[in-house]
Amino acid sequence: MSDGPKTESKISIRGVTKTFGVRDANLGRRSEFTAVSEIDLEVRAGEFLTLVGPSGCGKSTLLDLVAGLTAPAAGEILLDGKPITGPGLDRGIVFQQYALFPWRTAQGNIEFGLEAKKIPKRERKERAREFLDLVGLTGFEDRYPHELSGGMRQRVAIARSLAFDPEVLLMDEPFAALDAQTRESLQEELLKIWETTGKTVIFITHGIDEAVYLGQRVAIMTSRPGRIKEIVDVEFDSRDGDLRAHPKFGEYRHHIWTRLRDEVAAAQAIEREAVGSVG
Amino acid sequence: MADVTLAKNSTTLEKERSVAEATRAEVAGTPDPVAPALAAVSGPPLALVAGLTVWRGVRSLLAIAIFLAVWETLPRTGVVDRVFLPPFSEVLTALKDLAVSGQLWENTQASLVRSLAGFGISLALAIPLGLVLGWYKPVAEFLNPLLEVFRNTAALALLPVFVLILGLGETSKISIVVYACAWPILLNTIAGVKGVDPLLIKSARSLGLPAHRLFQKVILPAAVPTIFTGIRLAGAYSILILVAAEMVGAKAGLGFLINDSQFNFRIPDMYAGIVAISVIGLAFNALLLRLERRFSTWRTTQ
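Protein sequences, first through last, are from chains A and B.
Quick note: the first sequence, position 112, residue 112 per UniProt numbering, numbers continuous.
Quick note: the second sequence, position 186, residue 186 per UniProt numbering, numbers continuous.
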């Protein structure tokens, strides 16, 4: 357990609740749906924080809130001490489904964020190349997304989010759609990129192994409405070699798995109830 | 950090690369241009390869050739009355005579001016309107029932109304073309805008793009292929509807030429007019198809 970081926070999530109005099909009236409830989370500058939780617990909602795509119903989110009022180029998002623009080449996709930042054309081109190199796709600049494999698409998406130099990288299950081998190599590369760029990363996943492998801290969320149940500090004496074979890796993994088990059961009960009321 | 190049898990990356190569080859669809050349080197004689290429060209036109041959033969052998269906060669002669006398060009020009004017005006009206209707969902929901009513009313059923209000001149003819062309463009534009992947919009919004930039950089390019489907349909309608309109009280145009030839029993001229119409229709469609391909190459696997 961690008692709140003493170092300065990059992102402070304080008492954040998000509700959605939904129309109840059976009763024909509107009701409130609480996605996340009273979330408190401090993310340190330059930290790699992973967020695990059962499906439907509001992980993505929390990410949308930090991205500024939606506003909280209660509480506040601060970035460098200033409240987040909307989306901005200080945060970059990487989605599970890549979200590449299919009419733009790999290069064009990476330039997209640079255009939004109003960077001159020449510089855009150079920077896009640089970041294609960084993610190992030199020579693929003229490929359209449909000409690339899933792993390569996600590399382009990561390059796109890094190229406009955001301070925070928000990643929403970015490797969930990839095969195991590609996923592992991308995880490894992501860590290297994080180490060299020093970005603050919030990484959502439903994979416990992935959470332990990548995160300096793992935040466990409860089932709906999502709350932060526990924050686990992940510390290894050395990250060299096969980290997954490290005895401490198994310990962390087991601890998180145990904490999550009850939540997954609760989430499934909620799902069953929802399906039951529809049918 | 720019100069950082990271060591890659090379096997995985290689695998990904080969997958991408395979995808690309599949996507290209057409056979690899290098393949015939390689085949020529390693196996079948060059003559065979050349023969195959010619055969492919011939095959694509074979159905038309057979149709024209039947057209030529049936009247000549007396199976059908050659007064009502002259052989194709006679129709070609009539077409040549019409071309020499200048009548063909005069009528084609009259038709093309009307078609293109109507087509152009409907583009200018329907695309912006469709973009607005697709973007503001409440407006689209409100207007949709009315749009369905008009869309399902055959344009030609409204021709008498257009003539009644706008008279027999150019205005009513161009107007009916505008009307007929506007529907496929409008409906496809609305569908194109509505069909943009919400994730792409979310992704662009997360970069803090203001609404007008979002529209220009995401909505519009994403909708272009669907809009083009509508444009191509409208291209076909612009000729279809016009010919019918020209059969009612026109003094020039290919529709007029066809109808007038029939009245005056110049049957080969009538068929010549019909052939001219189909050639123009084909050419217009081919042109729009090329434009469509050019604007939506990225859509191949979607």
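The hints are simulated quantities; they were obtained by calculation from the structure and are not laboratory data.
On a predicted model such as this, the values are computed, not experimentally measured, just so you know.
Glycine residues also receive a C-beta, built at the ideal position from the N, C-alpha and C atoms.
Treat the hints loosely; a few may be bogus.
Unchecked claim - Pairs of lysine-lysine, DSSO-like flavour, derived with a Cα cap of 27 Å: (1) B/Lys251 / B/Lys194; (2) A/Lys248 / A/Lys229; (3) B/Lys202 / A/Lys118; (4) A/Lys82 / B/Lys194; (5) B/Lys194 / A/Lys121; (6) B/Lys96 / B/Lys137; (7) B/Lys137 / A/Lys121.
Said to hold, decoys possible - Derived Cβ-Cβ restraints for the label pairs, each shown as a range: (8) A/Asp240 / B/His212: 48 to 54 Å; (9) A/Asp90 / B/Leu287: 44 to 50 Å; (10) B/Leu287 / A/Lys118: 50 to 56 Å; (11) B/Leu220 / A/Thr85: 23 to 29 Å; (12) A/Glu271 / B/Leu116: 33 to 39 Å; (13) B/Ala244 / A/Lys118: 51 to 57 Å; (14) A/Ala274 / B/Asp197: 35 to 41 Å; (15) A/Arg23 / B/Ala154: 35 to 41 Å; (16) B/Ala99 / A/Lys118: 42 to 48 Å; (17) B/Trp55 / A/Gly139: 35 to 41 Å.
Quick rundown of the hints versus the structure:
{"no.": "1", "hint": "B/Lys251 / B/Lys194", "in the structure": "44 Å, violated"}
{"no.": "2", "hint": "A/Lys248 / A/Lys229", "in the structure": "21 Å, holds"}
{"no.": "3", "hint": "B/Lys202 / A/Lys118", "in the structure": "20 Å, holds"}
{"no.": "4", "hint": "A/Lys82 / B/Lys194", "in the structure": "36 Å, violated"}
{"no.": "5", "hint": "B/Lys194 / A/Lys121", "in the structure": "31 Å, violated"}
{"no.": "6", "hint": "B/Lys96 / B/Lys137", "in the structure": "54 Å, violated"}
{"no.": "7", "hint": "B/Lys137 / A/Lys121", "in the structure": "35 Å, violated"}
{"no.": "8", "hint": "A/Asp240 / B/His212: 48 to 54 Å", "in the structure": "51 Å, holds"}
{"no.": "9", "hint": "A/Asp90 / B/Leu287: 44 to 50 Å", "in the structure": "47 Å, holds"}
{"no.": "10", "hint": "B/Leu287 / A/Lys118: 50 to 56 Å", "in the structure": "38 Å, violated"}
{"no.": "11", "hint": "B/Leu220 / A/Thr85: 23 to 29 Å", "in the structure": "27 Å, holds"}
{"no.": "12", "hint": "A/Glu271 / B/Leu116: 33 to 39 Å", "in the structure": "58 Å, violated"}
{"no.": "13", "hint": "B/Ala244 / A/Lys118: 51 to 57 Å", "in the structure": "53 Å, holds"}
{"no.": "14", "hint": "A/Ala274 / B/Asp197: 35 to 41 Å", "in the structure": "26 Å, violated"}
{"no.": "15", "hint": "A/Arg23 / B/Ala154: 35 to 41 Å", "in the structure": "39 Å, holds"}
{"no.": "16", "hint": "B/Ala99 / A/Lys118: 42 to 48 Å", "in the structure": "57 Å, violated"}
{"no.": "17", "hint": "B/Trp55 / A/Gly139: 35 to 41 Å", "in the structure": "38 Å, holds"}
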